[in-house]
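Taken in order, these protein sequences are the chains called A and B.
According to my numbering, the first sequence is numbered sequentially starting from 7.
According to my numbering, the second sequence is numbered sequentially starting from 3.
To be clear, the hints were calculated from the coordinates, so they are not data collected in a lab.
All C-beta atoms in this analysis are idealised placements derived from N, C-alpha and C, irrespective of residue type, glycine included.
Watch out, some of these pointers could steer you wrong.
As the list claims (entries may be wrong) - DEER-style ranges, computed between Cβ atoms:
| id | chain 1 | residue 1 | chain 2 | residue 2 | range |
| --- | --- | --- | --- | --- | --- |
| 1 | A | 277 | B | 321 | 44 to 50 Å |
| 2 | A | 258 | B | 27 | 35 to 41 Å |
| 3 | A | 205 | B | 387 | 49 to 55 Å |
| 4 | B | 290 | A | 240 | 29 to 35 Å |
| 5 | B | 420 | A | 185 | 36 to 42 Å |
| 6 | B | 18 | A | 276 | 37 to 43 Å |
| 7 | A | 258 | B | 140 | 53 to 59 Å |
Given next are the chains, with one letter for each unit.
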Amino acid sequence: MGYVITKKENLSAIDFFMEVEAPHIARSWKVGQFVVLIPDEKGERVPMSVYYAKDGRIGMFIRRHGKTTLKLWYEFEVGDELLSVTGPLGKPIEVKHYGNVVFVSDAVCAQAESYATLKAMKEAGNYTIAIQTFENEANVYPERYLAKPVADEHYLTTEDGSVGIKGHYLDVLRELIEKDKVDIVFGGGKLGSLKKLAELTRPYGIPTIVTVRQIMVDGTGMCGSCRVLYGGEIKFACRDGPMMDAHKIDWDDAIKRNARFAEQEKIARERYMAELRARGVV
Amino acid sequence: MAVKPKLIKERIPTPEVPVEERVKSFVEVNLGYDFASALKEAERCIQCPPEYAPCIKGCPVHINIPGFLKALRENPDNPDEAVKNALRVIWNDNTLPAVTGRVCPQEEQCEAPCVMGKVGDPINIGKLERFVADYARKHGIEEELLREFMANGDGTKGRVAVVGSGPAGLTCAGELAKMGYEVTVFEALHRPGGVLIYGIPEFRLPKEILDKEIAKLRELGVEIKLDHIVGKTVTLEELLGEYDAVFIGTGAGTPKLLNIPGILLDRIYTANEFLTRINLMKAYLFPEYDEPIAVGEKTIVIGAGNTAMDAARSALRLGTEVTIAYRRGREDMTARIEEIHHAEEEGVKFEFFLNPVEFIGDEEGRVKAVKFEKMRPLEERDRKGKRKIVGTGEYVTLEADTVIIAIGLEPNRIISEEATGLKTNPDGTLVVDENLMTSIPGVFAGGDAIRGEATVILAMGDGKRAAKAIDAYIRRKKANA
Numbered sequence: 007m008g009y010v011i012t013k014k015e016n017l018s019a020i021d022f023f024m025e026v027e028a029p030h031i032a033r034s035w036k037v038g039q040f041v042v043l044i045p046d047e048k049g050e051r052v053p054m055s056v057y058y059a060k061d062g063r064i065g066m067f068i069r070r071h072g073k074t075t076l077k078l079w080y081e082f083e084v085g086d087e088l089l090s091v092t093g094p095l096g097k098p099i100e101v102k103h104y105g106n107v108v109f110v111s112d113a114v115c116a117q118a119e120s121y122a123t124l125k126a127m128k129e130a131g132n133y134t135i136a137i138q139t140f141e142n143e144a145n146v147y148p149e150r151y152l153a154k155p156v157a158d159e160h161y162l163t164t165e166d167g168s169v170g171i172k173g174h175y176l177d178v179l180r181e182l183i184e185k186d187k188v189d190i191v192f193g194g195g196k197l198g199s200l201k202k203l204a205e206l207t208r209p210y211g212i213p214t215i216v217t218v219r220q221i222m223v224d225g226t227g228m229c230g231s232c233r234v235l236y237g238g239e240i241k242f243a244c245r246d247g248p249m250m251d252a253h254k255i256d257w258d259d260a261i262k263r264n265a266r267f268a269e270q271e272k273i274a275r276e277r278y279m280a281e282l283r284a285r286g287v288v
Numbered sequence: 003m004a005v006k007p008k009l010i011k012e013r014i015p016t017p018e019v020p021v022e023e024r025v026k027s028f029v030e031v032n033l034g035y036d037f038a039s040a041l042k043e044a045e046r047c048i049q050c051p052p053e054y055a056p057c058i059k060g061c062p063v064h065i066n067i068p069g070f071l072k073a074l075r076e077n078p079d080n081p082d083e084a085v086k087n088a089l090r091v092i093w094n095d096n097t098l099p100a101v102t103g104r105v106c107p108q109e110e111q112c113e114a115p116c117v118m119g120k121v122g123d124p125i126n127i128g129k130l131e132r133f134v135a136d137y138a139r140k141h142g143i144e145e146e147l148l149r150e151f152m153a154n155g156d157g158t159k160g161r162v163a164v165v166g167s168g169p170a171g172l173t174c175a176g177e178l179a180k181m182g183y184e185v186t187v188f189e190a191l192h193r194p195g196g197v198l199i200y201g202i203p204e205f206r207l208p209k210e211i212l213d214k215e216i217a218k219l220r221e222l223g224v225e226i227k228l229d230h231i232v233g234k235t236v237t238l239e240e241l242l243g244e245y246d247a248v249f250i251g252t253g254a255g256t257p258k259l260l261n262i263p264g265i266l267l268d269r270i271y272t273a274n275e276f277l278t279r280i281n282l283m284k285a286y287l288f289p290e291y292d293e294p295i296a297v298g299e300k301t302i303v304i305g306a307g308n309t310a311m312d313a314a315r316s317a318l319r320l321g322t323e324v325t326i327a328y329r330r331g332r333e334d335m336t337a338r339i340e341e342i343h344h345a346e347e348e349g350v351k352f353e354f355f356l357n358p359v360e361f362i363g364d365e366e367g368r369v370k371a372v373k374f375e376k377m378r379p380l381e382e383r384d385r386k387g388k389r390k391i392v393g394t395g396e397y398v399t400l401e402a403d404t405v406i407i408a409i410g411l412e413p414n415r416i417i418s419e420e421a422t423g424l425k426t427n428p429d430g431t432l433v434v435d436e437n438l439m440t441s442i443p444g445v446f447a448g449g450d451a452i453r454g455e456a457t458v459i460l461a462m463g464d465g466k467r468a469a470k471a472i473d474a475y476i477r478r479k480k481a482n483a
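Next comes chain A alone, as it looks inside the complex (with noise of 0.2 Å):
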């Protein structure tokens, strides 16, 4: 116990940033893993990107999108302690000289990532270049939280055009590839967008790792709900990935997967968002 929260920023209208005390992580923690994280007693286990380790604690973008981040959003301040979180998970990826490194995102959790991937990739020796997609203009987070520090070239798209760029990462990504300036690509966020990506770095031969996002539970290989297509082999996300090669994966099969509790999901938080209407905090 004892892992206080230090910070607490809103991002955009979706998401909002997170700092916890969590030494046993950040004193460990490297590029490409994960932590779990619970609010409370009677929360869920919640898989979380890290957007920076350091000083003994760890930051994270967090989306208000179901009944556990809504609660951390409006029920957890500056000072409270959440009941566990653990890590790092997963394996890390290979920090190494690559050449023109590129790190693609359109949501919450590869947000965190590119940051934390590119300023890495960039300390080794690379051309760092961020894509960063959002939906629109009240979604772009404030321009200290996106990866522009660590990246040589930025590019921030809204699939509606609101801001930046107008469109999405793979079309900013298509021309680059274009331009014979990709050496590997990184990449998260949607996984109907992996998919995509998936298909449009195939054909050329770039090497293609993102963060196969499936529903966990216990985040160290020991239930099997993560599991994957890949390769034609049975992997698990949380032990095996969650940077995975695009290539590889049953992009189809992940998709149905993770939205196995959709229903379930759903319930949760019209109930609790009931819960705080009637209590009066939205």
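Mind docking chain B on chain A? Use the hints.
This is chain B only, laid out in the frame that chain A set:
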């Protein structure tokens, strides 16, 4: 002529929660003895001398069973005193009697060779052990005894790191603490207990009881660091730098999956996922608790061990019909008799000689049926003594909108992948010598991490043996220093 005491051939029964009531909740099924009935059952023991008491030999941790039953009988008018003396005897060998009294396969161990079993029912040793533990806990008898057991040490004999807080790790930690070592347990999950907390349902082992058994270890001075994955959060090498020895009791934490079409369909769970959601995360109380579980109306559980029974009975309590499908015959089921019996009583159906070959899904990607090949037993037996089976080429398809796979586990390789030099067998189990020491000096291991898959009590037996070996190792090391 002296009158011989009359042998009471039948067991004094323990009450159980009626079937129709218990299938609606996760309350503990067996209610256990009260003092009067425990006394009557204990009096049936003919008191074989400890040197050749078959029950002691049959127990992997060699609890002095006649000794604790004698202690229980000696103070019929003073239950507190009787239980205290009995518990003292048990604790000498086993610090978790409330657990073992509930989850051990006693019928294969202490109770199997019981002399009384030759003339009638063997002594109900498991339920008596449980009675002593439960009574002591409820009546504040443990505190006094804990002080007695702590008199041994102040933690200066050495420091030991224990990896994993399941049965092997907790036992090893408890034994070392009793000997006077400073012990730190590293647990990956947010609650201690290992398989006892995530794998065994409340109706067999209430969490409250487990928590109290673990609290007792903390009283003995054992520190438990939760949320720490050895091999990730800290490395084995780091532990070796800080501690005099390490014990690895990480269990068999990776589920075996069926490599057949449809394995990725929705509502096909591994028993580990299903039970972890229910036991550790209380998904049966969703949405009051946040972790969800989803089951349909017809569930098929594949497998026939204790885990399969636990999964089947848990599923039943979520309101679905349950069928256990096993590729062998009834006599080959590895679950405890009591659990099979409870499952049948509660309405779980059994299908034998069915081997799954395909999961069939609907348009939405959710399982709707399981296709099995019918199997046929042969006279020939395998090395485990089970009859070999062959496919018949005939197939049957059973409807199921939920499937739970409980066909076994293999060791989690997090530590062995990280710690180079830690030798493993091809199945992932750790290589150990006769003292349970691994290929790295000072690193010991036990339980399912070396056995693949066994019982709680065998893991505890290893924990105890390893504690003795660790003690000897540290003494030797300090003497040579």
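Legend entry - Enumerated hints in conflict with the structure, sorted upward: 1
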